[in-house]
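Q: Working from the sequences, and respecting the hints, build out all of it.
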Amino acid sequence: MKEANKKLGIIIGKNTRAIVQGITGTQGSFHTELMREYGTKIVAGVTPGKGGTQIQGVPVYDTVEEAKEKHPANTSIIFVPAPFAADAALEALENGIKTVVIITEHIPIRDAVNVMAYAKDANATIIGPNTPGIITPRESKLGIMPAHVFKPGNIGMVSRSGTLTYEIAAGLTRKNLGQSTCLGLGGDPITGLNFIDALKMFEKDLQTKAIVLIGEIGGNLEELAAEYVAKDKYPKPVVAFIAGRSAPPGKRMGHAGAIVIGKAGTAESKIEKFKNAGVKVAEKPSDVAELLIKLVSV
Amino acid sequence: MKLFEYEAKNILAKYGIPTPNGGLATNAIQAREAATKLKPPFVVKAQVLVAGRGKAGGILFADSIVDAEKATEKLLSMQIKGIPVRNVWIEEKVQIKRELYFGITTDRFNQSYVAIASSVGGMEIEETAAEVPEKIIKFPINPQHGFRSFHARQIARKMGYAGSQLSELGRIFERLYCVGMDYDAELIEMNPLVETADGKFVAADARIIIDDNALFRHQEYKKRLLEGESELSPQEIEAMKNDLAYVKLDGDIGVIGNGAGLVMATLDTIQYYGGKPANFLDVGGGAPAEKIATALKIVLSDPKVKALFINILGGITRCDEVAKGILEAEEKIGATKPMVIRLVGTNEAEGKRILTEAGIHVLESMEEAAQRAVEISRHEGGK
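Protein chains in written order, with my numbering: chain A, 1 to 298; chain B, 1 to 383.
All clues stand as given, with none of them false.
In silico DSSO-like links for lysine-lysine, alpha-carbon gap of 27 Å or less:
1. B:K2 to A:K251
2. A:K251 to B:K276
3. B:K135 to A:K263
4. A:K251 to B:K81
5. A:K251 to B:K304
6. A:K251 to B:K291
7. A:K263 to B:K2
8. B:K297 to A:K251
9. A:K275 to B:K276
10. B:K223 to A:K251
11. A:K280 to B:K276
12. B:K276 to A:K263
If you're looking for bench data, these hints aren't it; they were derived computationally from the structure.
A: Right, here's the structure in full:
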């Protein structure tokens, strides 16, 4: 790294000061510990009704407002159960938090739509819902991913899935292809960021030399990303993997967003669009590393 | 969760959207009772949730009450795409002048709901979009302002209507939006929405799919899904009750994994090597031993399964818990099928030790494991 002062990777970094909403729950407290071990600055936690207590030395407040008054937080990560998660996200946004990571799965679409509209107006970034979060290896982690599969490097990763990202990241790490930032968009139909947003951020990021895009059946966000790559002559190499080639139409494959409706959202459609856009598409997860090695000397 | 046509129409009617007069019947006697209250001619429609009901012979016409009874008996003895018909909906046939389409669904790119309208209704909207894209009107809905009366009227105008017809159509569109929001519909549509011979509008068919993640706000339907009538397989119901994501497929290799993307990729890899997955099953993150055991039980209850492939990449899921779950299931139900296990990640060494000591071989590569599972399924198939 020639420019040591430059911020590494996208969205999170050394300046990230996070609060954890839902910090007293099993997942919230467990991952707070892991994130702190990784070096992420967790300045406060919020659980309504548990204000005044502490979790692993992190002060807990009843409201985001109070946490914000006492700590200079700019980011929130949410582990609140689905029926209350949208409310938690709106609370963070309304109190001036500009980056919100929503780990929670099973948030209703109607709730997610409202959160995204509010975030747009507030010029804030939402990651998720139903995301493993975001990690810039050895610098910062806001999420639940197992840190050991990642290592620092020049590959930007963006994905709709958790464990599949770990699978592919572990494959890259084994071949000495480190990562700049790995961003989980989330497995829901309505998410804060899409593939094009991630491609734009990785384009500007000096650390990132190539991008791995992990898509799956459902919706048309991969197709739109392929059009974007082709139309804007995207300057960095992209390798894609699409999960769900064997998925039948009309069946939801685990993720709320992973469903082929009629003929829309098939793996074939996405793969074809990427190939037409000049993006290499891996047949199997382990092929991603091989394709990258051919494309870049990192 | 898909609602039956009669459920959707009853909801629409409650919101003041015109639907044909009709009644539900589960036998010929009820069919007569229902038809007696209606004006002939009738349409008798099988209440099933599979697509392509009309083409499969699930919609019959009847000119008299006797014919309606006969049609009901015929439909109730039928299976449509393997699904037995349990109910029929008998309604008055509408005099069609023109078939329209109006629906509301989600727009992933704009992170909003979108209203979709077309002056060409009656066929699948995706087909219309492919064949006559110029006849599709798409209107993204700003969630902070909602879908207003004037938006609805603007759409009606674009569809070629004016005056009182425009107002009436606008009123119907606006009400459908209210239903969609109140019922957390991820898709709600009237297809066709019929303009009748006398210039009125009637929702001749209606479809509502409730967002599964919002079912906690719609307990009556959740109850119906799990306990009453649904078209889920026994395995699917069992999985849903245990908070597991399961989808029945038509192959012979049972699959269990953690994380939707990884399980999908596992199915794809099996297919890549020439095998056929029997199911999708995601145990989710951090599954304890009991949940793994339940997952095994569900997958093995499918008689078509010849081999089992368990693919776990431990992050928040611990490999030792998975190993314990596998042994627990073996103890309870017996080692009924050959298993291929790929287990890496958190507490990997301990997980491997537990399984190896029990005489179960563990692999590290997903591709290698998939190939092995395919070989076994072929071998078992030859027996």
